[in-house]
Amino acid sequence: MKSLKIIVLAKQVPDTRNVGKDAMKADGTVNRGALAAIFNPEDLNALEQALRIKDKHPNSEVVILTMGPGRAAEIIREAIYRGADRGYLLTDRKFAGSDTLATSYALSMAIRKMEPYALVIAGRQAIDGDTAQVGPQVAEKLNLPQVTYVEEIQNITETEIVIKRRLERGVEIVKSTLPLLITVHNSAPACRPRNAKRLMKFKHAQTVTEMQNSSEDYIGLQNDRPYLRIEEWSVDDVKADDTWLGLAGSPTKVKKIDNVVFKAKESKVLSGDNGDVEWLVKELIANSTIG
Amino acid sequence: MNNIFIYCEIEEGLVAEVSLELLTKGRSLANQLNCKLEAIAIGSGLEKIPDQVFPYGVDVVHVADDKRLTNYLTLPHAAIVIGIFRKEEPQIGLFGASSVGRDLAPRVASAMKCGLTADCTQLEIGDHYEKRTETEYKNLLYQIRPAFGGNIIATIINPETKPQLATVREGVMKKEILSVSHKGKVKTVALNEYLNSTDFAVEVIERHMEQRKVNIKAAPIVVAGGYGVGSKENFDLLFELANLLGGEVGASRAAVDAGFVDHERQVGQTGITVRPKLYIACGISGQIQHRAGMEESAMIISINNDPHAPIHNIADYAIVGEVSDVIPKMIRYYKKNSK
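Top to bottom, those sequences are chains Y and L. If you use my numbering, the first sequence corresponds to residues 1 to 291, in order. If you use my numbering, the second sequence corresponds to residues 1001 to 1339, in order.
Bear in mind the hints are in silico, worked out from the structure with no lab data behind them. Please note that a few of the clues may not be correct.
[As the list claims (entries may be wrong)] Simulated pairs of lysine to aspartate or glutamate, DMTMM-like, Cα-Cα distance not exceeding 25 Å: (1) Y:255 / L:1316; (2) L:1335 / Y:276; (3) L:1131 / Y:258; (4) Y:282 / L:1316.
Hey, can you work out the whole structure from these sequences and the hints?
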């Protein structure tokens, strides 16, 4: 089989699932800056699917693409430690404020630059928005068919793929032509851990911007070892049209944000003591709530 | 033109629950906006659909009935919905936030270059004044949803683009018949106008759909557990209590993510919305996404060892104690006191 190029879309997200005490402000709202930045969980499931294809077809190439600020290069390194071949960081101030439509446009322009490819794999959704929209929207922009909620790639050849989907109430096996975009569900296998040898080899993988800010010892490193370079692409590099990007390119606007304030109801507070629990159970039986 | 469109999901020749709920919401929005309510049904063997949807106040139902459309497939459904939207220019389009709606709606939004808000918990009509351009927008769809891990509630609008699209989970809106005698028009979709052979690039080889194993939505009593329940074994206590009371076991997302119970039991914004007569929240902190799925319960009992857990604030009875201690006591005293 000839080489298959697989592009994995990944996002660095604030860890909204673990809002600790440090992340709370005095007024009870969340200090987003204090949340840890993590590899979006389902994007790791997506990466694992790509790496499994590479396990079976070793001349395949797994390329990671992320859009975000400079620090998002962290997840490209993380993906490389786990087995991805190389990565691209799509970064530009003009992307700021993009909703899912503008984001998918930007990603699709970057993917066009990587043609030809066999497969684009993304996580189903990112935990900071839970929209599950970017995958299908990228597919539409690239005029690719899509398969969402993927649990397992059962077989792949140069032209065809067989996939198991995990739906709300059942499973579905589908066959598709390539190229194709798929989004991977969290019921798919977890991603393999970092590989110690790859960690040593790619420890100093950096973007141009990171390189310019690093100590002099490392400046020349990428000349000798070009594989340490993480490509950085701007709006111009991917030939994107500004009008479809950022706030201007985003049809959804946030009209209002309300911080969640818990409104207290008239609660009767009880202890877990025998007396209290028995009183409550009797009360519920008496008013026919339980019977 | 300018009407409200509901994409109807089809399950075995009938419109799915979530879509009937959206038809009900669509009807009330249409009354407010003084426009028509239209439905789109795509599948095969759809003879029963018009009579099923008209009582919900549907004025026009677009029916695409074809053998090739028996199984849901993204591309043909997208092509038909996009085709109808381009022709009819709706102001609002609503989809269920199911594995079908969440697959289809973003594709449609991308093609229409319009906005889409996922998992809305409320939909309202309202105005908007844009200071920057000094423009007044009338009668926009307010798409309201918890965001950022449930720590904020966002109201999203699409002032410049139509249609305004949103997805809503099953159980969030209430299903209600407008009038059994209400009748609308049936429009047969001209498939040749919209479909290409390339739309069938993906093919379903096998399909195993399971009947809903648990029906938490219909349960009069829900005993729900959160991360604080601590383990799969402790969840057995919840099952024991639920069985005893004739209820079902629900869970928060944290408990599902921790692997304590199956996803199908998840209550909340990204799970099921329930309105039982009694909801017992065990070891649940009470994040807004979870509350979105249960706060309309007639009575709420919270059990949490943290006296400051937000769940206590919305409970009728707040028990400050350990779940593994309190639940066995409830079981014991129920057995002792019930007839």
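Tested hints:
1. Y:255 / L:1316: Between residue 255 of chain Y and residue 1316 of chain L the Cα gap is close to 33 Å, so the pair fails against 25 Å, i.e. violated.
2. L:1335 / Y:276: The given pair, whose Cα atoms are some 16 Å apart, holds under the 25 Å limit.
3. L:1131 / Y:258: holds, 20 Å
4. Y:282 / L:1316: Distance ~15 Å between residue 282 of chain Y and residue 1316 of chain L Cα, so the pair holds.
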